[in-house]
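Residue numbers (our numbering), protein chains in the order written: chain A, 1 to 107; chain B, 1 to 193.
Just so you know, the hints here were simulated from the structure itself, not pulled from any lab data.
No experiment lies behind these values; they were computed from the predicted model shown.
From the three backbone atoms N, C-alpha and C, an ideal C-beta is built for every residue, glycine too.
Careful, some of the hints might be misleading.
Stated by the list, open to error - Straight-line alpha carbon distances no greater than 27 Å define the calculated DSS-like cross-link-like pairs of lysine-lysine that follow:
id: 1; chain 1: A; residue 1: LYS54; chain 2: B; residue 2: LYS13
id: 2; chain 1: A; residue 1: LYS71; chain 2: A; residue 2: LYS81
id: 3; chain 1: A; residue 1: LYS54; chain 2: A; residue 2: LYS81
id: 4; chain 1: A; residue 1: LYS81; chain 2: B; residue 2: LYS96
id: 5; chain 1: A; residue 1: LYS71; chain 2: A; residue 2: LYS54
id: 6; chain 1: B; residue 1: LYS13; chain 2: B; residue 2: LYS96
Claimed, not checked - Computed spacing ranges between beta-carbons, pair by pair:
id: 7; chain 1: A; residue 1: ALA80; chain 2: B; residue 2: THR5; range: 52 to 62 Å
id: 8; chain 1: B; residue 1: GLY49; chain 2: A; residue 2: ASP45; range: 48 to 58 Å
id: 9; chain 1: A; residue 1: LYS73; chain 2: B; residue 2: VAL152; range: 16 to 26 Å
id: 10; chain 1: A; residue 1: ASN47; chain 2: B; residue 2: GLY119; range: 52 to 62 Å
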Amino acid sequence: MAGSAVSEELDRLIHERIRLGIVSALAANDSLSFADLRDVLGTTDGNLSVHARKLEDAGYVRVSKGFEARKPKTEYSLTAKGRRALEAYLAQMEQILSAAREALERT
Amino acid sequence: MTLPTHEERENAKQTLEYIRRTMESASSYTAMAGSGMVGVGVIGLIASGVAARLGDAADLRVWVPAAAVAIVVTGSANAHKASRMGVPLWSGAFRKLAWVMTPVLLAGMVLTIALGQQGAAALIPGMWLALYGAGVTAGGTLSVRAVRAMGVAVLCLGTIALLQPQWGGPMLTVGFGVLHVIFGILLITRHGG
Chain A
1 MAGSAVSEEL DRLIHERIRL GIVSALAAND SLSFADLRDV LGTTDGNLSV
51 HARKLEDAGY VRVSKGFEAR KPKTEYSLTA KGRRALEAYL AQMEQILSAA
101 REALERT
Chain B
1 MTLPTHEERE NAKQTLEYIR RTMESASSYT AMAGSGMVGV GVIGLIASGV
51 AARLGDAADL RVWVPAAAVA IVVTGSANAH KASRMGVPLW SGAFRKLAWV
101 MTPVLLAGMV LTIALGQQGA AALIPGMWLA LYGAGVTAGG TLSVRAVRAM
151 GVAVLCLGTI ALLQPQWGGP MLTVGFGVLH VIFGILLITR HGG
């Protein structure tokens with residue numbers, strides 16, 4: 001489709017639904033465990049792992065691995081870079097809506 | 001900027017709604033306070049002990065005040081945890097939880113009166129546990145797995161107490177007391193308080 005300049009500038013990394021969900025869920029919490037994140041997003045272990053890895057590689061999320069009651073536990077948190085990316089993405093979404101609203105008001 | 005297409009506009013609306021919904025459910029997901037659950041468990045243990053001493057496991061003079069105190073304790077603990085986490089208490093998940101639990105509690109009140117009037121008071125402990133367990137199981141779909149697991153366990157105890165009413169007292173002790181303490185500690189240690 002022929003999109004506007006704004007939609008072409010979107011951060012494709014967090015535009016994908018599961019990755020956007022991960023970033024949004026982490027923005028509302030200091031950190032979330034792998035299991036909590038999976039349940040909040042209603043996704044599978046494999047799907048979450050793949051998308052979380054992409055965000056980790058981009059420096060958007062921080063992963064800490066440890067043990068709890070002798071069981072491995074993975075905790076995710078949002079980095080400053082990830083928070084800035086979400087804020088920029090939100091601003092772009094709002095820009096699309098306000099441009100549409102202005103166009104509507106002009107007609 | 002170039003005028004956004006209708007598709008882009010709709011997509012932006014849906015995306016913002018998705019972000020809002022995800023943040024809301026993620027923030028309230030772990031906001032169920034374990035300390036409140038432990039408090040309810042302690043109240044349950046005391047109430048079941050006092051009721052047993054009075055000779056009636058479902059003595060309303062004990063359980064009605066106990067339920068009122070438990071609601072206040074849970075509400076305060078959840079409010080404290082939500083404030084500590086910086087999330088609104090009356091968020092989507094808590095609102096839905098209230099919609100699940102309120103009809104369950106009202107049905108429990110009506111059934112308590114009805115069973116008492118019909119001379120079937122021995123079934124009251126089982127009915128309380130079964131209804132509460134069903135409500136917590138349904139409401140627990142909005143929270144961590146531990147909450148759902150506790151709901152199922154309480155529901156099972158209710159079933160036993162309904163089929164074997166002579167075990168009603170001990171089942172109340174385990175369901176409203178012991179299980180709340182155990183799962184409360186689980187929430188404190190694994191889900192931030």
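Hint by hint, which ones does this structure get wrong, listed from lowest number up? 2, 4, 7 and 8
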